[in-house]
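Enquirer: Protein chains in written order, with the numbering used here: chain A, 1 to 291; chain B, 292 to 572.
Heads up, some of the hints might be wrong.
[Claimed, not checked] Below, computed lysine-lysine pairings styled on DSS-like, alpha-carbon distance capped at 25 Å:
1. K178(A) / K204(A)
2. K219(A) / K499(B)
3. K178(A) / K321(B)
4. K499(B) / K178(A)
[What the hints assert, rightly or not] Just some of the chain A residues that point at chain B, by a computed CB distance under 10 Å:
5. L14
6. W128
7. I131
8. A139
9. P142
10. I222
11. A223
12. I227
13. T229
[Claimed, not checked] Derived list of chain B stretches under chain A, where covered just means 3 residues or more per stretch with a C-beta under 8 Å from a C-beta of chain A:
14. 341-355
15. 414-421
16. 427-435
17. 542-550
Treat the hints as calculated values from the structure; they're not laboratory data.
Because the structure is a prediction, the values reported are computed rather than measured.
By construction, the Cβ of each residue, glycine as well, lies at the ideal position given by its N, Cα and C atoms.
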Amino acid sequence: MSVRGTPLPVLTVLCGIIVIWYAAAVWMNATWVYDQAERAGTSVTFAEMVPQTMAQARPLLPPPHQVAAELWKGVAGQAVTSKRSLVYHGYVTFKGTMMGFGLGIAFGVLLAMSIVRFRVMDMSVMPWAIISQTIPIVALAPMILVVSNQMGISGRDVPKAIIAAYLSFFPVLVSMVKGLRSPDQMQLDLLRTYGASEGATFLKLRLPASMPYFFASLKVAIAASLIGTIVGELPTGAIEGLGARMLIGSQFGEPLIMWGALFAAAILAGLLILGVGFLERFAKARMGVPA
Amino acid sequence: MMWLAGTLVIWLAAWALNARIAASDWARTKAGRAFVPVLFGVTLLVVWEGLVRGLQVQPVILPPPSMIAAKIAGSLPILWQDFAQTVLKGALPGFVIGCGAAVVTAIAIDRSPFLQRGLLPIGNFVAALPIVGLAPILVMWFGFDWQSKAAVVVVMVFFPVLVNMVAGLQASERMQRDLMATWGASYWQALWKLRLPAAMPFLFNGLKIASTLALIGAIVAEFFGSPIYGMGFRISTEVGRLGLDMVWATIAVAALAGSALYGLITLIERGVTFWHPSQRH
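One chain only, chain B, in its complex shape (with noise of 0.2 Å):
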């Protein structure tokens, strides 16, 4: 009961404050944005212990946050080797190849618009499948170390970049390309200095949406059959085993990797495209 009634007091004093700070001045400040969210995500994990603790349900149900902590804490070296075969080896490789070639398919088919109207409807519907469905074929293919993995990311990311890309690509004005053509600019220099930054917010956009796929890609591909590590092994296995700490331990890895993927993303994205309006403040 103290745990039950210690958590809700906890809960309405943190939700009380957020609530003030919103109401503030400070809510406009730096500080302040990033305060909230903050609290609000401390105070779910007490909620959660407070809950866990307090309703005594079974770790095999559901661990407290202590216990996954400690249980990070404990396996440091088997969480690594998971995180580099999955998301080093996987998903990273995989993600660059195929945005990779996806950007150089779009720039190619750039110059066709005949090609262009027959590959978008395509790449568009393609986009919106559940390719994940390719994992085992693609296992069956090239093995069960990292490269099926890397080919499944491949095979994942590579059409959301597409479509985004050739969008991208036509997104320069008439008058900015006319400008261009006054002052001689060749296809070349006109993709190089107009259309490719024209195009970035797009591509980042799907940058960011292939960032996600990958981490999927890459971890429901070991589902399939893959070596005794890898972070979609270790889940499989120790749910089986009804290892929750564990399975916990490697969400939370999976979860920092995929929000520090989609970080780096924003930063990158916010110094390629300081010019845009969604980026000035």
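Pulled out of the complex, with its shape left as it was, chain A reads as follows (with noise of 0.2 Å):
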């Protein structure tokens, strides 16, 4: 559901939400300047605290534009290759992400087409399926990352895209046993009486009916996708990608660091989700769906 119209409803509350979070830095800020003070024997007021909030090396919390420099600095400041650009943190993630994507979406629609096809794979699978959502996969993430070395895979590409297909294959597999069994009862004798193989009421019917179910799909697996491959960054020894800046950010102390990673990610969450968009689309126009 959409809501169409001014964005000032949104602008309005980003404002605040901006805001509250320069009074929170304040808030949260203002212990450390307090002990500083009382350390150096003087005693600041309320007007020299707050603007000695705004600018610390190591804030608990930092302000916007403290964040907004560190993500400039670390998009715009540095070369695309260098290790402290966020673009090539980035890209690092961006590439695993779409690789557990395709895997997940590949796994996802296979699983569903034997389960509309193969009865006693529904009854045998699915509930399975289910039931793999309701395991943390994160528990899983360093052991596959172990594993995967010691069967002599190197790099973290593999592990990375296993972890996000296993969080991104749901939505699909969901989606798509949904839309592929959408078709109804009087469209499928149509085809019957056409005298239309199996396979040709796979193609030309089930298929094409369950592409806006599949769409629905994608942008929930992309999101899925991200997070899978940020949480396989994380653990021991990762030096590349989003994640393993959050995770130096958090051991060597540096907060700044951790905010950069973060906006960086939800940056590129956005722009996943707006390419989906724009490619369900394309493909709606393609496939003459009326916009």
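Since each chain sits alone in its own frame, please combine them into the complex, following the hints.
Expert: Written out as structure tokens, the structure is:
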């Protein structure tokens, strides 16, 4: 359900969030300022304290402009190939996300096809597919990394893609099962009177009918895939990717690195969702669905 | 070779049995519906065991289920301590606080279409963000113990539940609302008797998503710092010393906890939204 109209409400809420953010930054960073003053044997008034909460090197909560500056430094202030560039780390995460996304789509669609075709698959696999999503995959993440290492797969692309695929296959599976079953009995009967084979029924009726469901699930799947990739970058020894940046920021006590990586991830998520939305519109236009 | 051949035979036999059941009348009964997936699950375990033994896979790559079961039986106190720390202290309070806050927020902004139009797109966007990334920051703020885990869970579950609840509060139909108005129902009466019940299917949808997110949040937060127990801590340290049987034992507990939480929510949903078409069989 999209609410069209003026962007005024959204802007108002955004402004509200920024105001609250600044207030929280002053409140949370004030302790450090007062501590410093006490150590130096001086006292600070409220008016002196506020500016000092805005520009700390290691703030508890960096105010928005510091995060924006860090983002700008990470995106525009470095060569794109530099290890300190957020574009570089974002690209590593993007690559992992797309691999997991592709793998998840392929697995989800194939599983959905066999579930719709074979009743025994539906009865035995579907409950386990649901249960698989209640298992916190992140528990598996460190182990997938270690095991793939021992099996001689170097690099972290494959394990990351597996984790991302695990999270993203499920929405595709559920929607595709729904979509492939969406043609009603009349349409199926019509194709039978044409003497259409099972393959033809699938290609000409079931597959086109499932497309709206498919694209609706892609938005959920790409977000899940990004989460999976970032989680796959978190544990032990990762050096590349936005998740690894967060871990590094956490270990070295550099909150600005963490916040920069966090917002870079948010921007990446936004771009990915926009991209999928664009793909959906393009496919709809090609298939002749009225907008 | 014996192991491999035996595994193959058992797998084929179980699959044939399942196929027969699925094609028979028994598939329409409750028992048949329960039996088929259970047999499939058991077969998977048997195949796993057989393949690991038959191919002589190293336990540091993949331990057989029997070894994992023995580990679970042998280290119940540790597993319980981890479970209590991560699930009972971290995930559950965070889940309750986060979902509660989301429901209250949804009702609070219910009377203001302006706030709704502002919050809904932002909420939808934030719900798609990798919020797990906040984990290191919240661990820095709230310390290594369970408070930081609960905080991560609160942030993670808040937005999916909020978005679903706001959508749910708009789910009642115009006719139904008009009927309430003709009866002279006040805002709160209409909310309590019509719109809240109508919102329940949406709310439970959000709660189900939140239940898996809660466990993910609590476990990931432990990767960034924890006391010397907890499921996330156990997994990351045991992986480091290649104690994969312990890792799998913890995963089994996590899977059980996740499924139990999900099942519990489904049960409550069945009781609360008994009127909804999806619950009538």
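Enquirer: Against this structure, judge whether each hint is valid.
Expert: Hints and how they fare:
At roughly 17 Å between alpha-carbon atoms, K178(A) and K204(A) fall within 25 Å of each other, so this suggested pair holds. In summary, the hint linking K219(A) to K499(B) is supported, as the alpha carbons are separated by about 19 Å, within the 25 Å threshold. Pair hint K178(A) plus K321(B) holds up; C-alpha atoms about 22 Å apart against a cutoff of 25 Å. Taking the CA atoms of K499(B) and K178(A), the gap is near 19 Å; set against the 25 Å cutoff, the hint holds.
Because the beta carbon of L14(A) sits about 7 Å from the nearest beta carbon in chain B, less than 10 Å, this interface hint is met. Taking 10 Å as the C-beta cut-off, the interface hint given for W128(A) holds, the closest approach to chain B being about 6 Å. Hint on I131(A) holds. Least Cβ distance to chain B is approximately 6 Å, under the 10 Å limit. At about 5 Å, the closest approach between the beta carbon of A139(A) and any beta carbon in chain B falls short of 10 Å, and the interface hint on this residue holds.
Hint status for P142(A): holds, given a least beta-carbon distance of 4 Å to chain B, under 10 Å. Proximity of I222(A) to chain B holds as hinted, the smallest CB-CB distance being about 9 Å (cut-off 10 Å). For A223(A), the interface hint holds, the least distance from its beta-carbon to any beta-carbon of chain B being 4 Å, beneath 10 Å. For I227(A), the shortest C-beta to C-beta distance to chain B is roughly 5 Å, which falls under 10 Å, so the interface hint holds.
The beta carbon of T229(A) comes within 8 Å of a beta carbon in chain B, closer than 10 Å, and the hint placing it at the interface holds. Note: the segment 341-355 of chain B has 4 residues with beta-carbon separation from chain A under 8 Å; the three-residue rule is met and the coverage holds. Coverage of the segment 414-421 of chain B by chain A holds [criterion: at least 3 residues with CB-CB distance below 8 Å; count 4]. Counting residues of the segment 427-435 of chain B whose CB lies closer than 8 Å to any CB of chain A gives 5, which reaches the minimum of 3, so the coverage claim holds.
Interface restraint, the segment 542-550 of chain B with chain A: holds (5 residues with C-beta to C-beta distance below 8 Å; minimum three).
Against the hints set out earlier in the document, no violation occurs for any number.
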